[in-house]
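Using the sequences and the hints, build the whole thing.
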Amino acid sequence: YRSGEEKSDQVLTAVAEAEKIAKDSGVAGVEKLTWVKCDAQAGENGKKMAEKGLNDLPMVFVAIEGQGMDRYVREMTGEALAEFVTVKLEPTTDEDVFPYSEDLITDAYPVFVKFYEQWCSRCKAAKAAFENAATRMVGRVIFMEVECSASEMTQKFCQKYMVDGYPTFKLLGGQFQQAVPFERDRSVQGFVDFINTNVPEEEEVEEEEEGAEEPKQEL
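All letters in the sequence shown, in the order written, are residues 17 to 235 by my numbering.
It is worth saying that the hints were derived from the structure and are not from the lab.
No residue lacks a Cβ here, since even glycine has one placed at the ideal position from N, Cα and C.
Just so you know, not all the hints are guaranteed correct.
[Unchecked claim] Here are the simulated SDA-like pairs of lysine to any residue, each with C-alpha atoms no more than 25 Å apart in a straight line:
(1) Lys48 with Lys143
(2) Lys68 with Glu106
(3) Lys36 with Gly20
(4) Lys48 with Pro107
(5) Lys23 with Asp86
(6) Lys143 with Lys176
(7) Lys143 with Met85
(8) Lys143 with Phe198
(9) Lys140 with Met169
(10) Lys23 with Gly59
(11) Lys64 with Val89
(12) Lys48 with Val27
(13) Lys143 with Gly59
(14) Lys140 with Arg152
(15) Lys36 with Glu106
(16) Lys143 with Thr102
(17) Lys23 with Met85
(18) Lys143 with Thr184
(19) Lys63 with Arg18
(20) Lys176 with Pro107
(21) Lys140 with Ala79
[Claimed, not checked] Quick list of the computed label-pair ranges, beta carbon to beta carbon:
(22) Ser117 with Arg200: 23 to 29 Å
(23) Lys68 with Thr122: 25 to 31 Å
(24) Thr213 with Gly59: 41 to 47 Å
(25) Asp55 with Lys172: 49 to 55 Å
This is how it looks when you write it as structure tokens:
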């Protein structure tokens, strides 16, 4: 941020509110967070920021161990920023994420697919958010992940959907004749907003009335 600028002052206020809300939330791990402010007007900060391409100030970044660093680009309020941070700290499980199976791609349910590789650090950073969103969207969308280089079949599957970078996320099946690419921030909120935009809740009700059942993972 740049001290003395109105826009920066508004962001600083939101960050201060978010810190208080987060600390009062009781979410495990919040107490370990460090909230840092960096004024471009102080010392050599401005020069160092410019060298790193950080010119569009103010900017807010959130870094959680194992999830990489994300630039916060959503609504700049204390409540929204606190939610963005605390959701990252929620425990996740992969039990709601299905392994690769083309049998899941049907007209019955949309399938949100993560195309990834084991060596990809950005794929690992998106793992917790993808799992969290999968749990939130149970009953509406199937979440599936496919390691493109794992086998000849997965390679052909990834080629079919023109995957040329990792991670890539696409919405397949259901009412979609063509894959819908995901082009938002790779956060829980980003994934959930994408699903809400493309798969309205009314469709979930209609599918349930028709008796469609979501497949279950085999243990």
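Checklist entry - Within 25 Å, alpha carbon to alpha carbon, are Lys143 and Phe198? => result 15 Å, holds
Next on the checklist: For Lys143 and Lys176, compute the direct alpha-carbon distance and say whether it is at most 25 Å.
Outcome noted: Judged against 25 Å, a Cα distance of about 23 Å means the pair holds.
Checklist entry - When you check the alpha-carbon spacing of Lys140 and Ala79, does it fall within 25 Å? => result 14 Å, holds
Checklist entry - Going straight from one Cα to the other, do Lys143 and Thr102 come out at no more than 25 Å? => result 16 Å, holds
Next on the checklist: Hinted pair, alpha-carbon criterion (25 Å max): Lys176, Pro107. Please report holds or violated.
Outcome noted: 34 Å, violated
Checklist entry - Regarding the pair Lys143 and Thr184, is the alpha-carbon distance no greater than 25 Å? => result 12 Å, holds
Next on the checklist: Run the distance test for Lys23 versus Gly59: straight-line Cα separation, threshold 25 Å.
Outcome noted: Given that 25 Å is the threshold and the Cα spacing comes to 21 Å, the pair holds.
Checklist entry - Between Lys140 and Met169, is the straight-line Cα distance small enough, at 25 Å or below? => result 22 Å, holds
Checklist entry - Within 25 Å, alpha carbon to alpha carbon, are Lys48 and Lys143? => result Holds, at about 21 Å.
Item to check | Distance restraint between Lys143 and Gly59, which requires alpha-carbon spacing of 25 Å or less | outcome: 38 Å, violated
Next on the checklist: Holds or violated: Lys68 and Glu106, Cα atoms, limit 25 Å.
Outcome noted: Given that 25 Å is the threshold and the Cα spacing comes to 31 Å, the pair is violated.
Next on the checklist: What's the verdict on Lys23 and Asp86, does the C-alpha distance respect the 25 Å limit or exceed it?
Outcome noted: Given pair Lys23, Asp86 holds - Cα atoms ~20 Å apart, limit 25 Å.
Checked against the numbered hints listed earlier, the structure breaks hints 2, 13, 20, 23; every other hint is satisfied.
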